[in-house]
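There are 2 protein chains.
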Amino acid sequence: MDRAKIRLCVDHPLGPGQAVPLTPEQAHYLFSVMREGPGARVALFNGRDGEWTAEVVAAAKKGGTLTCLGQAAPQLDPPDLWLIFAPIKKERTDFIVEKAAELGCARIVPVQTEFTNSQRIRQDRLQAHALEAAEQCLGTFVPEVTDLVPLRRLLDGWDPARRILWADESLVGPAETLAGLAPGPWAILIGPEGGFSEPERARLRALPFVTPVSLGPRILRADTAACAAITLWQSALGDWR
Amino acid sequence: MDRAKIRLCVDHPLGPGQAVPLTPEQAHYLFSVMREGPGARVALFNGRDGEWTAEVVAAAKKGGTLTCLGQAAPQLDPPDLWLIFAPIKKERTDFIVEKAAELGCARIVPVQTEFTNSQRIRQDRLQAHALEAAEQCLGTFVPEVTDLVPLRRLLDGWDPARRILWADESLVGPAETLAGLAPGPWAILIGPEGGFSEPERARLRALPFVTPVSLGPRILRADTAACAAITLWQSALGDWR
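Chains E and Z supply the protein sequences, listed in that same order. If you count the first sequence from 1, position 236 lands on 236 in the numbering used here, and the numbers rise without skipping. If you count the second sequence from 1, position 28 lands on 28 in the numbering used here, and the numbers rise without skipping.
Treat each hint with caution, since some may be false.
Here are the simulated DMTMM-like pairs of lysine to aspartate or glutamate, each with C-alpha atoms no more than 20 angstroms apart in a straight line [as the list claims (entries may be wrong)]:
id	chain 1	residue 1	chain 2	residue 2
1	E	Lys-90	Z	Glu-169
2	Z	Lys-90	E	Asp-94
3	Z	Lys-89	E	Glu-135
4	E	Lys-89	Z	Glu-91
5	E	Lys-89	Z	Asp-94
6	E	Lys-5	Z	Glu-169
7	Z	Lys-89	E	Glu-91
8	E	Lys-90	Z	Glu-91
Think of the hints as simulated: they come from the structure by calculation, not from any bench. All values reported here derive from a predicted model rather than from experimental measurement.
Construct the entire structure; sequences and hints are all you get.
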């Protein structure tokens with residue numbers, strides 16, 4: 001069947017004939033903002049069961065119920081890739097989260113570095129941004145956005161089985177090819193405006209699970225570097241192959 | 001010498017001892033907004049002669065003069081890559097121009113397609129945006145932004161020696177590798193929200209100089225697709241190798 005235009009992410013199992021309740025916010029969006037009602041077709045996904053076409057069977061001001069009719073798309077999980085980035089200005093941080101969700105990251109980890117401009121983030125707002133990106137781009141998976149964590153503490157507890165691809169802004173030569181890298185769990189690390197401090201750089205260089213990579217001869221903003229690094233990783237090791 | 005923090009793009013030759021006049025807008029920015037004056041060091045570039053460190057020797061309300069001291073960075077031209085894209089919402093169009101300038105495109109060509117939302121663009125505003133991206137990212141080259149042109153007319157007069165890499169949103173399978181593509185002049189073509197119309201798609205498919213490419217199994221917004229396609233091209237055929 002045709003995929004429904006309105007897409008909602010729900011926290012509920014999806015399956016044949018499954019009844020799915022709406023939250024007050026979803027009911028408000030669907031019935032007041034979009035002016036839909038009983039009989040309307042909506043696409044639902046929950047991050048596990050793919051996309052389902054569902055029909056509104058009950059509509060109220062603060063809730064409602066849908067019934068799943070059939071699966072419209074299978075579940076598409078991203079590869080085991082995390083994005084670690086230092087939050088920058090609000091709209092560019094939003095942008096990084098949106099692009100990481102679109103390009104296929106499994107987890108988004110904001111880190112505080114010595115030169116990070118922001119001391120705190122609104123984790124709930126960034127998580128909502130990742131969800132919105134999935135809703136708008138026909139995704140069936142929403143990456144988890146974690147709380148802001150100091151880079152030092154993140155590296156202290158790091159599982160060395162997950163390798164880190166470090167977009168090292170001091171390497172302005174030609175980008176190494178990523179084709180030779182080993183498959184498996186990875187994280188991409190993007191620094192803040194102003195880059196990493198010298199102690200941070202020394203620690204990263206010394207870690208055996210960290211691979212520095214250049215992103216070409218031009219200096220890229222952090223949000224551009226995030227897009228470019230995820231793209232290169234996806235085409236070399238991810239599910240774009 | 002250390003690279004100056006303030007960077008200006010000028011339309012004037014740069015060389016040893018060269019005197020460079022400022023426009024009224026640049027004088028306003030430098031002397032009123034940034035509160036600089038005689039003796040201040042500024043980085044200048046003109047798109048041809050690299051970056052030069054210059055010193056303010058005369059400051060006035062509507063003008064001023066600098067003298068070039070020495071070259072701080074060589075000229076870095078992008079490869080012969082154009083980006084053709086259908087303008088979308090204002091902030092995302094701005095974003096595409098900024099990212100194309102950062103990632104290294106030589107020319108940016110907005111096209112009108114059957115499903116293009118905007119009927120017109122502010123070419124001067126987009127050109128200023130490309131210049132600002134170069135100024136802020138230590139670039140020495142500013143890609144030309146052309147006027148909006150209908151896709152049909154662009155293809156009618158196309159030089160077949162320049163191949164077109166078409167980000168075909170109907171190809172949602174794995175991205176083909178770009179490594180096998182021939183070097184030479186290229187243009188990347190990104191469609192509007194809603195994609196190309198069936199007649200447009202049929203024409204693109206029939207053109208011998210057009211190569212369709214997939215950007216992975218997820219549906220990408222036009223601005224994300226532009227970033228990803230430029231990145232893949234740069235790492236396969238451009239100056240990121």
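Taking the hints in turn, this is what the structure says about them:
{"no.": "1", "hint": "E/Lys-90 to Z/Glu-169", "result": "30 angstroms, violated"}
{"no.": "2", "hint": "Z/Lys-90 to E/Asp-94", "result": "17 angstroms, holds"}
{"no.": "3", "hint": "Z/Lys-89 to E/Glu-135", "result": "18 angstroms, holds"}
{"no.": "4", "hint": "E/Lys-89 to Z/Glu-91", "result": "15 angstroms, holds"}
{"no.": "5", "hint": "E/Lys-89 to Z/Asp-94", "result": "17 angstroms, holds"}
{"no.": "6", "hint": "E/Lys-5 to Z/Glu-169", "result": "18 angstroms, holds"}
{"no.": "7", "hint": "Z/Lys-89 to E/Glu-91", "result": "15 angstroms, holds"}
{"no.": "8", "hint": "E/Lys-90 to Z/Glu-91", "result": "14 angstroms, holds"}
Comparing the model with each numbered hint stated earlier shows that hint 1 is the single one that does not hold.
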